[in-house]
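Novice: As a plain string of letters, each chain reads:
Protein chains: 4
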Amino acid sequence: MTSKYRAAVAGATGYAGGELLRLLLSHPNIEIGAVTAAKSAGTLIGEHHPHLVPLADRLVEPTDVEHLAGHDIVFLALPHGASAEIAAQLGPDVLVVDCAADHRLVDPAQWRQYYHSEHAGTWPYGLPELPGQREILAGTKRVAVPGCNPTASTLALLPAVAAGLISADDIVVVLATAPSGAGKKLAVTYLASEIMGSASPYQVGGIHRHTPEMEQNLVACGATDPHVSFTPVLVPMTRGILATCTAKLSDPSITADEVYAAYQKAYASEPFVHLLPQGVWPQTQATLGANTCHLQATVDPNTGRLVAISALDNLAKGTAGAAIQCTNLALGLDETTGLSTIGVAP
Amino acid sequence: MTSKYRAAVAGATGYAGGELLRLLLSHPNIEIGAVTAAKSAGTLIGEHHPHLVPLADRLVEPTDVEHLAGHDIVFLALPHGASAEIAAQLGPDVLVVDCAADHRLVDPAQWRQYYHSEHAGTWPYGLPELPGQREILAGTKRVAVPGCNPTASTLALLPAVAAGLISADDIVVVLATAPSGAGKKLAVTYLASEIMGSASPYQVGGIHRHTPEMEQNLVACGATDPHVSFTPVLVPMTRGILATCTAKLSDPSITADEVYAAYQKAYASEPFVHLLPQGVWPQTQATLGANTCHLQATVDPNTGRLVAISALDNLAKGTAGAAIQCTNLALGLDETTGLSTIGVAP
Amino acid sequence: MTSKYRAAVAGATGYAGGELLRLLLSHPNIEIGAVTAAKSAGTLIGEHHPHLVPLADRLVEPTDVEHLAGHDIVFLALPHGASAEIAAQLGPDVLVVDCAADHRLVDPAQWRQYYHSEHAGTWPYGLPELPGQREILAGTKRVAVPGCNPTASTLALLPAVAAGLISADDIVVVLATAPSGAGKKLAVTYLASEIMGSASPYQVGGIHRHTPEMEQNLVACGATDPHVSFTPVLVPMTRGILATCTAKLSDPSITADEVYAAYQKAYASEPFVHLLPQGVWPQTQATLGANTCHLQATVDPNTGRLVAISALDNLAKGTAGAAIQCTNLALGLDETTGLSTIGVAP
Amino acid sequence: MTSKYRAAVAGATGYAGGELLRLLLSHPNIEIGAVTAAKSAGTLIGEHHPHLVPLADRLVEPTDVEHLAGHDIVFLALPHGASAEIAAQLGPDVLVVDCAADHRLVDPAQWRQYYHSEHAGTWPYGLPELPGQREILAGTKRVAVPGCNPTASTLALLPAVAAGLISADDIVVVLATAPSGAGKKLAVTYLASEIMGSASPYQVGGIHRHTPEMEQNLVACGATDPHVSFTPVLVPMTRGILATCTAKLSDPSITADEVYAAYQKAYASEPFVHLLPQGVWPQTQATLGANTCHLQATVDPNTGRLVAISALDNLAKGTAGAAIQCTNLALGLDETTGLSTIGVAP
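In the order they appear, the protein sequences are chains A, B, C and D.
Position one of the first sequence corresponds to residue 0 (numbering that gives the first Met the number 0), numbered consecutively onward.
Position one of the second sequence corresponds to residue 0 (numbering that gives the first Met the number 0), numbered consecutively onward.
Position one of the third sequence corresponds to residue 0 (numbering that gives the first Met the number 0), numbered consecutively onward.
Position one of the fourth sequence corresponds to residue 0 (numbering that gives the first Met the number 0), numbered consecutively onward.
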């Protein structure tokens with residue numbers, strides 16, 4: 000007897016959709032129902048994701064309510080702007096897990112400022128590691144999966160903010176990231192010949208849309224009026240985010256040992272945050288394919304700054320893994336069901 | 000009649016040595032004399048640098064005074080600690096251009112703190128773009144070529160410091176860099192399988208030896224008691240540095256246009272600093288093989304920080320190109336002789 | 000009640016050892032016992048394999064009989080030359096699975112010719128897809144895991160040889176491969192700066208040690224006196240083999256459809272060989288981390304040659320995955336236990 | 000007084016166009032006139048080629064006869080199908096150098112078979128290393144620049160064919176190549192996330208359009224009715240081709256030394272073909288940015304095959320470098336003017 004939940008994946012032909020399918024294939028309590036896309040409807044999954052051998056012959060259906068209806072769970076891996084309408088039509092009893100930005104921000108003014116459109120409302124935010132967030136996600140029917148960059152920077156800074164070790168008004172986040180975060184967008188910028196052999200920043204000067212989301216998360220960690228200077232840098236790797244986060248210590252006498260102890264305490268029981276042994280720094284390769292964030296933090300006495308660095312797989316813990324982690328919480332399953340902490344390296 | 004200067008290259012089999020040879024092959028006023036190495040003496044250049052076709056059959060001789068003597072110029076591309084002794088034996092009339100760190104720092108205490116050995120004295124510092132530095136380098140017989148990371152961060156910050164746009168006491172530099180900066184060092188860290196697909200920080204927390212050199216340069220730009228939080232991140236590319244530098248604006252009302260104007264003014268006549276059109280950010284690929292630093296700067300109004308980003312080729316403008324640029328100045332040649340601003344891309 | 004088999008992994012700090020551990024962590028019937036190494040004894044697994052979070056604190060013990068004894072299974076991921084002696088000391092009742100070359104070849108003369116040492120004897124060869132090989136592996140206590148290159152080329156050619164579609168006396172195999180196949184060997188050749196941005200052949204002209212193993216396998220497929228011209232080419236990727244195999248058709252009138260039909264028939268029930276839809280060619284990325292070989296074949300009418308191309312992960316189906324596949328057969332478990340056909344991409 | 004030739008570059012915003020501009024910037028006898036493109040007319044070169052600093056502010060004009068007229072030389076870096084019409088309008092006195100395929104093939108039937116359109120006629124073929132080809136190119140007003148893959152394979156096989164060492168009826172060419180060969184074509188296949196970490200073949204089974212061009216070149220080397228089985232494999236590097244070519248020896252007793260001697264003799268005075276020391280194999284990295292083809296050849300006694308491997312930069316000697324080499328010949332300049340044999344590595 001099978002009592003599996005049935006999940007549809009909208010936007011199944013993109014990278015986030017493919018990662019959702021990859022992880023769902025290993026999930027013991029969820030079976031894959033409809034897989035849908037816009038332009039690619041009528042093709043087979045094998046044409047888009049040759050790595051998903053068990054789904055090679057699955058037909059891609061159109062992304063519409065007709066094909067998404069009748070599932071227990073609907074994962075949305077669509078461009079932002081599409082989820083509110085779909086969710087409304089699916090009804091309140093379907094678990095809708097949205098990987099796009101539409102329902103992450105609490106403040107409609109911030110949404111308008113950064114996304115230049117009307118705000119579609121706020122859904123429970125899918126970062127279970129935030130204080131009190133698991134209670135909010137338990138049993139929810141709507142999840143706004145965090146952006147990959149905010150997840151990386153929030154997990155790097157949370158213990159320091161929560162323990163009052165830093166002042167949050169002058170945080171600097173510089174983040175190396177992989178082009179798969181942009182999906183299969185066809186632009187010269189993302190061609191292999193442009194990316195290989197190059198490091199290139201983008202959305203510099205406080206204009207990246209993940210900035211208000213980072214700040215909102217820091218408030219959830221206990222910060223008052225946080226300000227983040229965020230610079231993302233594209234580097235030549237298929238997956239991965241390495242977030243270097245620095246912030247002024249609230250007291251220059253705080254030591255590296257105190258910092259480390261705070262991180263140990265904060266993450267002692269987190270299944271998907273891996274604090275490395277003191278002195279060992281994370282690398283993205285170790286997180287490939289895993290729902291894990293690797294972390295380290297210390298003090299730079301020369302500048303009186305905390306330096307905290309996190310590594311994660313932008314498609315896994317950064318997107319699809321987080322989506323499934325939250326799905327587990329929403330369904331009342333063990334949070335770790337179907338998720339691995341083991342990366343594929345080298 | 001040939002009136003070329005004759006140059007020896009010590010450490011010719013490493014990456015910095017190879018880049019010196021590559022550039023010297025195109026220099027109209029310098030001919031390559033002895034090429035030397037320690038362990039590889041007796042081999043041919045072609046075994047180490049198959050890209051240097053015209054030197055394929057050149058014999059690598061031992062690195063000792065006997066083989067380095069009798070040249071007008073001696074380039075040292077050796078591990079730090081070796082140059083002082085060699086320079087003393089070559090005599091005061093030979094132009095010695097040292098790519099290692101030995102003679103960069105002015106303060107012996109800083110040397111001891113970061114390098115754990117006795118200071119060998121200070122030589123004229125080979126960053127001609129620093130205020131007044133060309134005069135110091137003109138006619139000199141000793142040049143301390145800057146570290147690649149200090150060159151990138153100094154050029155990114157110089158105009159802002161010189162124009163008083165930022166306070167220098169809380170500068171954050173996060174820098175993506177290529178493994179060729181470590182030379183041909185045999186360590187698991189530098190194996191292709193470890194580097195490809197990964198971003199990994201190292202020497203985190205203010206302990207990297209380039210930190211005091213960066214701060215010393217900022218003093219030369221006009222800063223008082225600068226403090227830099229410096230974090231280097233290895234990324235998978237053969238060459239290149241992308242330095243993301245942020246600092247508090249000295250006055251929060253300073254605008255992006257004012258910043259850009261200051262950079263334009265500062266670098267208007269610099270042959271090897273290329274300020275990009277406003278809004279365009281540098282990428283390392285565009286500098287590959289060229290003696291050029293590409294730059295952009297703006298204001299992040301959300302944090303009241305300047306964000307300045309530079310890109311350069313760590314082996315070219317970061318090391319060997321700078322060495323030749325300074326050699327030109329030392330010899331009284333046109334500073335740009337034999338050097339190109341044109342990168343090889345994609 | 001746990002009735003798991005207990006496995007030791009010798010050579011656990013290398014890439015093949017790491018992949019064995021990664022796969023064993025997901026195996027429901029095997030638990031990891033001793034993990035051993037030579038020089039790294041006394042360190043922790045987390046220092047070598049930060050991706051294996053659940054094993055981060057496991058102590059690496061010395062590779063000797065004392066530490067390997069007392070297990071049901073011993074995986075050897077050691078340089079060739081070490082396994083025979085260890086196996087003898089472990090006794091006949093322990094399942095010994097050797098990832099090195101020592102016991103692959105049947106012909107001692109070939110061993111001596113290619114490996115320049117005495118032959119240690121032949122063990123059951125761990126390529127279950129060979130005709131009759133599953134019967135040989137069932138219940139065995141010794142397994143010689145195939146070389147990654149012979150696995151790729153044999154699977155690409157097997158159906159054509161078995162069906163008599165090609166003459167085996169003039170086979171050409173040119174194979175793109177990843178540097179992880181060389182393990183953590185410290186040599187300039189394997190430095191990131193040498194590998195990135197380059198394609199470089201090695202062991203050219205019929206001298207690669209995998210050549211006789213390929214030919215031996217083709218005999219097992221039904222060929223008489225096969226001859227393979229084998230050229231491996233290192234390319235910049237962490238994992239993966241793409242084997243382009245061509246051979247003269249035994250009859251120039253053989254069509255692409257006939258070839259495809261033969262491949263379909265040969266691999267219809269193979270769990271770990273994935274014949275792609277006709278006209279679609281394999282790519283290594285799709286096999287990353289999976290125990291799968293992707294395949295396609297066609298006819299080049301211009302030359303009367305079959306062209307068959309296979310892709311696999313050199314560390315997974317090419318080494319550690321094959322080791323576990325054979326272990327399953329040797330233990331009487333379902334052959335697919337603990338192994339996945341799903342790659343991690345992009 | 001300047002007596003430079005003036006050159007226009009059509010298709011200047013693509014990769015081949017960019018490489019033409021890069022090389023022309025160093026050419027002492029040619030100055031850059033109009034730079035044109037189709038969709039990008041009205042933009043600046045700096046937007047497309049940030050590495051070409053001296054041309055950053057050059058306006059891109061439309062690709063039409065009005066803008067191309069009035070130059071001594073017109074380089075065409077356009078998709079095939081465009082050059083004949085333009086050339087006709089430019090008149091017979093303008094040197095037109097076409098980097099596309101339109102005028103390479105001699106046999107109209109082959110053109111129709113592979114390109115599915117009408118043949119536009121044959122121009123002098125721009126591979127000066129072919130026997131007698133320099134005479135044909137001297138003073139010509141039309142040049143058909145070879146395809147990058149035919150250049151690599153022809154140079155690898157020429158001495159063996161010319162000396163009668165191989166039979167040309169069963170040649171196998173497997174070639175690792177960089178995605179820049181496809182230009183800035185926007186397709187998922189060429190996205191960084193697809194290319195990095197992967198080796199993927201394309202146009203398999205004798206259908207690649209460079210196949211008849213390879214065979215035509217072998218005829219020019221002296222072969223009768225050559226047949227080439229050609230398989231290109233995309234690998235993750237920005238530039239480079241590594242062509243592994245094998246062919247049956249005409250006599251199995253031919254030795255590796257005889258082969259090497261034939262290659263030495265054939266290329267003794269070729270400025271842009273670099274035969275490596277016996278036993279050393281080429282790698283693409285060593286040719287980056289240079290107009291050089293690196294070569295090695297040997298015998299595989301096990302199969303009675305010659306194995307010859309060439310490496311070159313697909314954009315340099317593979318396209319733009321060859322274009323300028325032929326331009327030099329057509330103009331009566333020294334063939335090596337403005338071209339370098341020195342690569343940029345690592």
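The hints are simulated quantities; they were obtained by calculation from the structure and are not laboratory data.
Errors might be hidden in some of the hints.
Because identical chains share one entry, a pair is satisfied inside a single copy or across any pair of copies.
Said to hold, decoys possible - Derived DSSO-like pairs (lysine-lysine); straight-line CA-CA distance at most 30 angstroms:
#1 K140 with K247
#2 K38 with K247
#3 K184 with K3
#4 K247 with K183
#5 K264 with K3
#6 K264 with K38
#7 K247 with K184
#8 K264 with K184
#9 K247 with K3
#10 K140 with K183
#11 K38 with K183
#12 K140 with K38
#13 K264 with K183
Keep in mind that this is a model prediction, so the values were computed, not measured.
Novice: Would you mind marking each hint as holding or not holding in the structure?
Specialist: These are the hints, each one checked on the structure:
1. K140 with K247: Neither: 39 angstroms inside a chain and 43 angstroms across chains, both beyond 30 angstroms.
2. K38 with K247: neither (48 angstroms within a copy, 42 angstroms between copies)
3. K184 with K3: Intra 34 angstroms, inter 44 angstroms, cutoff 30 angstroms: neither.
4. K247 with K183: neither (38 angstroms within a copy, 37 angstroms between copies)
5. K264 with K3: neither (36 angstroms within a copy, 34 angstroms between copies)
6. K264 with K38: For K264 and K38, neither the intra-copy (48 angstroms) nor the inter-copy (34 angstroms) Cα distance is at most 30 angstroms.
7. K247 with K184: neither (37 angstroms within a copy, 35 angstroms between copies)
8. K264 with K184: neither (41 angstroms within a copy, 38 angstroms between copies)
9. K247 with K3: neither (49 angstroms within a copy, 51 angstroms between copies)
10. K140 with K183: Within. Shortest intra-copy distance 29 angstroms satisfies the 30 angstroms Cα cut-off; inter-copy 44 angstroms does not.
11. K38 with K183: both (13 angstroms within a copy, 22 angstroms between copies)
12. K140 with K38: Answer is within; shortest intra-copy Cα gap is 28 angstroms, inter-copy 47 angstroms.
13. K264 with K183: neither (39 angstroms within a copy, 35 angstroms between copies)
Hint compliance for this structure: hints 1, 2, 3, 4, 5, 6, 7, 8, 9 and 13 are broken, all remaining hints hold.
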